[in-house]
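Q: Residue numbers (this note's numbering), protein chains in the order written: chain A, 1173 to 1430; chain B, 135 to 467; chain C, 1322 to 1765.
Keep in mind the hints are simulated off the structure, nothing from the lab.
Cβ coordinates follow ideal geometry from the N, Cα and C atoms, glycine included.
Treat the hints loosely; a few may be bogus.
In the DSS-like style, the derived pairs of lysine-lysine whose C-alpha atoms are separated by at most 30 Å in a straight line are [as the list claims (entries may be wrong)]:
#, chain 1, residue 1, chain 2, residue 2
1, A, K1421, C, K1637
2, B, K342, A, K1220
3, A, K1295, B, K326
4, A, K1254, A, K1220
5, A, K1244, A, K1175
6, A, K1189, A, K1238
7, C, K1742, C, K1752
8, B, K342, C, K1425
9, C, K1743, C, K1645
10, B, K194, A, K1244
11, B, K259, C, K1637
12, A, K1287, A, K1360
13, C, K1645, C, K1685
14, B, K446, A, K1254
15, B, K194, C, K1421
16, A, K1394, A, K1238
17, B, K194, C, K1361
18, B, K342, A, K1295
19, C, K1560, C, K1503
20, B, K342, A, K1175
Examples of chain C residues lying across from chain B (beta carbon under 7 Å, computed) [to be verified]:
#, residue
21, L1365
22, T1436
23, V1596
24, A1609
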Amino acid sequence: MKKQINIKNLTVSYDRKPVIWDLDFSIPRQSCVGIIGPNGAGKTTLVKTMIGLLEPLSGEIDFFGKDNVEMKGKIGYVPQRKSIDWDFPITVFEVVQMGLYSTLGLFKRPSRREKERVLEVLKSLKMDQFADCHIGDLSGGQQQRLFVARALLQDADVFFFDEPFVCIDKTTEQLIIDIFKQLVSEGKTLFVVHHDLNTVKNYFDTVVMLNTRLIAAGPVEKVYTMENLTKTFGQGGLIFEEALNLTSKSQEGLKYNE
Amino acid sequence: MSYWGLNFFGVIKHFFYTFASFIAGNCSIENLAIDEIQVLVLVFIGISCALIGSFLVLRKMTMLANSISHTILIGIVIAHVILQWFFFKDIEKPFQIDMQLLMLASFISSLLTLFLTDFFNRVLKLQKDASIGLVFTVLFAIGIVLVTIFTRNSHIGSEIIMGNIDMVHKDDLKIALFLLLSNVLLTVVFFKEYLITSFDSNFAKLSKISNWAFTYLLLLQTSATVIGALRAVGVVLVLALIVIPPLTARLYTNRLRSMILLACLTSALGAIIAVALSRHFLSVYGLPLSTAGLVVVCQFFIWGASVLFAPKKGVLAKYFFNAVSRVTAANPS
Amino acid sequence: MNKLIPFWEFFTDPVLQASTISSMLMCLASSIMAVIVFIKRRSLIGEALSHATYPGIALSVLMCAGLFTKAPGVFPFVLLIGALISSLLGMRLITFMEEKLSVKSDSALCFVLSTFLGFGVFFASRLQFSHPIWFQKIQMFLYGQAATMLSIHVILYAILTLIIALFVVFLFYQIQAIGFDKMYTKVLGLRVNLIESLTLILIVIAVVIGIRSVGVVLMSGMLIAPAAAARQLTNNLSKMFLFSGFFGVISGFLGNYFSVNLSIYLMQVRPLWRVSLPTGPMILIVAACITFLCLILAPNRGLVTRLYRRQKFQLKVLRENILKEMYKTGSGQSFIQLGRRHRIFAPILLIVVCLMRLQGWISKENKLYILSDKGTKKACRIIRLHRLWEVYLYTHLGYLAENVHKSAEEMEHIITPNLEKKLSQLLKDPKLDPHDQIIPAGDG
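Chain A on its own, in the form it takes in the complex:
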């Protein structure tokens, strides 16, 4: 089994507008990767493409030798908290149990052994006393742990976190960092979409910096430099953006001013 996750020439467009263009990088196993970039840079798009929710226009995704179709069900996805309907009538237990559904098939129900596994996972994250609670009653930190539990149940090798540190308190922040450390020590690889530039060096050992195209990817000490940050968040890419805009307009058949 290969030891790397490889992305080659990945281009993803949304509504005929390229959101990610020609991305190319490799990540070794057991890394904790921060994905950095300004808003609209394609961070969430990259994550969604890597996990198989979006189809790329071109390029390859390679998880240790397997493509992401084979990896379906083995990738853990912890979504942004704001994208979930916390009002939905569902309990903590039922959400975590979903982690089993991909392996269960269409007509089967979870067995007692499988239900016990759910409780075990919840216990490992100190959520077992909330098993029967409605998800709307959870605090921010508990909500994060909920989806981590679901991903753990899938026995995932690779985890994707979408903005886990948004709007949480210090205790929860520490909790999540502990979870990261625990997962990495168990041999998992983590990808985290992150927005707070100050904390990058503390949380991650690898970083992917992108702004529609790849600026840099590699170990934090080497790659997370002032120069790269300027390129990521700076204005040099304005012409590029304008050109991309023109491309999408022409493909859409819309008029673009000469």
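Using the hints provided, position chains B and C relative to the given structure of chain A.
A: Below, chains B and C alone, put in the same frame as chain A:
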């Protein structure tokens, strides 16, 4: 066996008496009074609607359900035409629903709705809300024109809106039962798939569960149920049975299973009360009122009562809770 | 009953007059309000509000049947007020459910829609067997019955439509601001809540006028179709109001026109059918056809236009690629050579070559195509753009030299003269590309 002249409580008593003796084996299906058929049809349809309605509400697809309830008109017309021209079936009465018609029409109308709405939204780039609204109103308008041409009677339209449960027949009972069993079966078998596609469609995709397939299945169920309910309560009132019971049930519980069960229960309860009231008004006041309308009115009042009195989520409960917590905050002892 | 009725008679004939004019007024009112509802993305509210009028109508008729039988002139007003109050109550309930009960918007709308209609059906049934004529009066509101309008209706609707038009004219900027960014408008200090309430009341009024013509069930369509059509034709809000109103009025007229004349036509062709087409659905079908045509054929956003432009762009790319190729090889090429080299179908190649000759890029001599001066200049420009882009990717975006070519192949067709100038300035007018090839100068 007749309910003639009974008042509200008389109807209830008589109904349960008949029900009990049916279970005991003393009664047969052949001798059902019209009130009993009404109750059974309404209960069956009500439960079917509560089952699909729960998911439709959670998925924010109730407007699509409304859309389908309009497009079934044109679905039925097209189905009639197909059956008449290709299969040489002769239709005596325009809105006599039989199984073949039901299947074909529901298939056509759900496809039409889904396909056209999506076409306007994605290909023609029209806003989502405008796409839904435009598609169903236009298809309904075309349906009315076609019906007027084919049946020379534009008043058919009103019958579609409110149905005619006072003319309900034993055959309608068969269809209602069939729909009930299919809906229960599908809901039970595909419960976790429906749950996951409703709650977290991204995760469903990751778990190799097709979002599209289950959305379409739900719409197909809706379509079939609405057509089946045509005779009983008519098109728009079916929407009431789809939307109101789940909202009522939601006021009592935070769990999906309980919500669905409670929705079925309130639906059934409302049906019995409505039929009993209808008979009551007829017997005591001599007023023949619309049973279908009464069904909706009852469901509304059940909902209203729940809004006020539901434990924890009801208005009174919240008020009481706030008052209590203010008092205890003021007096920590 | 033989001749089709000419269009002016719809305004002069006393029987058709009231129906036609009031339909047109109703459509004008609803198409104006449709724009407001459309920009707020709440197009489906018309559906809920129109169904919500039904119990008010039923109760009003009940009242008229009971109390006002001696004063028939009062009817339209009582009905209007009844429908208005009922619909406003419906709106109040929707807001209550969304805000206080955390019910999702679509469920709230469907709840009110079906519940109110149910109540209406219930109230109406009181009259079904005892006073069938009055019952019919209620029933006709389901699908409208434009044919039975009187002058009193026309005058009433004219006044209400005028009020709506004036509202939009005087409060245009506020409506635009609220539609775009309500929060900001509130911060600015405008009386947002007041204007929103007024807007709501006017939507309800538009709905109430309309249901007499097209009925409760179809009304929502008239609150969507004209605005959707107008949006396709313009990005400017005031023009959108004008287009929408125009389309509304036409739909109102043509709906009446077709329902009457098509019925006459069908009577002639199929007298046994005895068909009389209802006006309400016809108005809606006309409006929807207009909308559909706009969606497909609109000059900038229409489907056909977009597809056409896309094709045009593909042909442009093809022509420019051939031009580049001819420049690089130098000598003239035959038709077959071109076809083989670029792998194009003969008929398409024929079109392309004709276009290029028309543009003066190439000319034909002895069955070979050669570049003209104009063509040479154009080819140079394309190569210049290609290489400029390569330099940009290489120096500013950190691309490797072997990766820049593919992107440049696409960009050379897209970069506008404006962008070219910016690029040249940024890169300080480079002379060589990353592969050490010469970049043609800006004007040569």
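Q: Decide, hint by hint, whether the structure agrees.
A: For each hint, the structure was consulted:
1. A:K1421 - C:K1637: holds, 15 Å
2. B:K342 - A:K1220: Cα-Cα ~15 Å, so holds.
3. A:K1295 - B:K326: holds, 23 Å
4. A:K1254 - A:K1220: holds, 16 Å
5. A:K1244 - A:K1175: holds, 19 Å
6. A:K1189 - A:K1238: Answer holds: A:K1189 to A:K1238 is near 28 Å, not above 30 Å.
7. C:K1742 - C:K1752: It holds: about 15 Å lies between the C-alpha atoms, which stays within 30 Å.
8. B:K342 - C:K1425: holds, 28 Å
9. C:K1743 - C:K1645: holds, 23 Å
10. B:K194 - A:K1244: Satisfied, since the Cα-Cα distance of roughly 27 Å is no more than 30 Å.
11. B:K259 - C:K1637: holds, 26 Å
12. A:K1287 - A:K1360: holds, 24 Å
13. C:K1645 - C:K1685: Within the cut-off at roughly 17 Å; holds.
14. B:K446 - A:K1254: Roughly 25 Å between the alpha carbons, so the hint for B:K446 and A:K1254 holds.
15. B:K194 - C:K1421: Distance of about 18 Å is within 30 Å: holds.
16. A:K1394 - A:K1238: Cα-Cα ~28 Å, so holds.
17. B:K194 - C:K1361: holds, 19 Å
18. B:K342 - A:K1295: holds, 27 Å
19. C:K1560 - C:K1503: Holds, because 22 Å separates the two Cα atoms, which is no more than 30 Å.
20. B:K342 - A:K1175: Holds: B:K342 and A:K1175 sit about 26 Å apart, inside 30 Å.
21. L1365: At 5 Å from the nearest chain B Cβ, C:L1365 passes the 7 Å test, so the hint holds.
22. T1436: holds, 5 Å
23. V1596: holds, 5 Å
24. A1609: holds, 4 Å
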